[in-house]
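Participant: Could you build the full structure based on these sequences and the hints that come with them?
The sequence shown begins at 1 in the UniProt record's numbering and counts up by one.
Be careful, since some hints might not be right.
Computed beta-carbon distance windows for the label pairs [claimed, not checked]:
| hint | residue 1 | residue 2 | range |
| --- | --- | --- | --- |
| 1 | 136 | 213 | 42 to 52 Å |
| 2 | 91 | 149 | 17 to 27 Å |
| 3 | 90 | 247 | 22 to 32 Å |
| 4 | 256 | 115 | 19 to 29 Å |
| 5 | 155 | 132 | 27 to 37 Å |
Heads up, simulated BS3-like pairs for lysine-lysine below, C-alpha to C-alpha not over 30 Å straight-line [unchecked claim]:
| hint | residue 1 | residue 2 |
| --- | --- | --- |
| 6 | 182 | 196 |
| 7 | 230 | 206 |
| 8 | 87 | 170 |
These aren't lab readings, by the way, just hints derived from the structure by calculation. Even glycine gets a Cβ: it sits at the ideal position worked out from N, Cα and C.
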Amino acid sequence: MPKAVARRGQNFIAQAQAQAQAQAQAQQYIHCRYNNITSKLFGMICLLIIIGWLFSGLVISKWIKNELHLPLSKLVLTGKIHYTTYKDIQYAILSIRLPVTFISSNMNIIKHNIKILPWIKNVRVNKQRSDRLKINLVEFVPIVRWNMSRLIDADGISFSIPTNRLVKEKLPILYGPEQHEKEALVGYQMIIEVLKNSYLNRLMLKSTSITLNGSWKLIINNNIHINLGKYSIIERLERFIELYPELQHQAQIKKKHINYIDLRYHCGAAVSWIPVVKSIT
1 MPKAVARRGQ
11 NFIAQAQAQA
21 QAQAQAQQYI
31 HCRYNNITSK
41 LFGMICLLII
51 IGWLFSGLVI
61 SKWIKNELHL
71 PLSKLVLTGK
81 IHYTTYKDIQ
91 YAILSIRLPV
101 TFISSNMNII
111 KHNIKILPWI
121 KNVRVNKQRS
131 DRLKINLVEF
141 VPIVRWNMSR
151 LIDADGISFS
161 IPTNRLVKEK
171 LPILYGPEQH
181 EKEALVGYQM
191 IIEVLKNSYL
201 NRLMLKSTSI
211 TLNGSWKLII
221 NNNIHINLGK
231 YSIIERLERF
241 IELYPELQHQ
251 AQIKKKHINY
261 IDLRYHCGAA
271 VSWIPVVKSI
281 T
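Facilitator: Right, here's the structure in full:
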């Protein structure tokens with residue numbers, strides 16, 4: 001009798017363990033199914049978001065090109081335009097990614113996108129008719145190149161334009177510390193004014209440089225290097241103007257070229273000479 005009871009107890013325990021294992025497997029299966037369904041649902045949501053984003057971009061682009069009441073073929077650009085192309089303006093408009101109704105009622109967004117172009121000083125945008133957009137551009141006008149990579153206008157504002165659009169520009173070069181464009185331009189303009197008001201008004205400055213401590217150096221169009229130092233710049237420049245005829249006379253006697261003139265003295269100047277290179281015929 002006790003053996004039969006023990007057997008029944010063992011069978012009961014085995015059945016309980018089997019049921020527990022079956023329930024665990026069922027729960028694991030349900031959990032895996034749930035994860036798979038969740039992953040697929042998340043993937044579908046992401047796909048729908050991407051498709052919606054692409055579709056909205058296409059709708060906006062199509063609206064601008066065809067139905068926006070703003071056909072690009074009827075853009076009218078006015079102003080003194082030297083560097084801006086129609087493609088620049090087209091790209092500025094087509095890059096807008098905002099609701100159609102907002103752009104249609106607010107031309108400022110187009111103005112903003114065009115003014116991002118670094119050489120644009122000011123923009124006016126007018127919608128003359130439902131199919132005609134008039135854009136008036138004011139570009140910065142450079143007077144010197146700044147550190148070879150940028151340009152400066154008469155107000156000392158530095159800006160950039162694409163390198164391939166600078167081919168025809170023959171501008172003097174001004175070198176100096178970044179963020180000191182206006183101070184450098186003031187000194188440059190003073191030097192130019194002194195030269196223009198002298199008998200050397202035909203001399204052109206090829207490059208002008210100012211160091212961080214305020215020391216000035218010039219290269220004029222006959223490749224003479226002039227060191228003015230950092231003090232009494234105008235006084236030293238006037239001394240160069242006074243000495244230049246005599247230095248030219250000495251160059252003829254020596255049959256040499258003037259290479260370098262150092263004016264960092266209370267009077268006179270130190271001069272470096274180079275031999276005249278005879279052309280081979």
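Participant: Please go over all the hints and tell whether each is borne out by the structure.
Facilitator: Hint check:
Between residue 136 and residue 213 the C-beta distance comes to about 44 Å, which sits within the given range of 42 to 52 Å. Against the hinted window of 17 to 27 Å, the Cβ-Cβ separation of residue 91 and residue 149 comes to about 23 Å, which satisfies the hint. At about 56 Å, the CB distance of residue 90 to residue 247 disagrees with the hint of 22 to 32 Å. For residue 256 and residue 115, the hinted distance range of 19 to 29 Å is not satisfied, since their beta carbons lie about 54 Å from each other.
Between residue 155 and residue 132 the beta carbons are some 33 Å apart, a value that agrees with the proposed interval 27 to 37 Å. Distance check on the hinted pair: residue 182 and residue 196 sit about 21 Å apart at the alpha-carbon level, within 30 Å; holds. With a CA separation close to 20 Å, the supplied pair residue 230 and residue 206 stays within the 30 Å bound. As the CA atoms of residue 87 and residue 170 are separated by approximately 25 Å, the hinted pair is consistent with the 30 Å bound.
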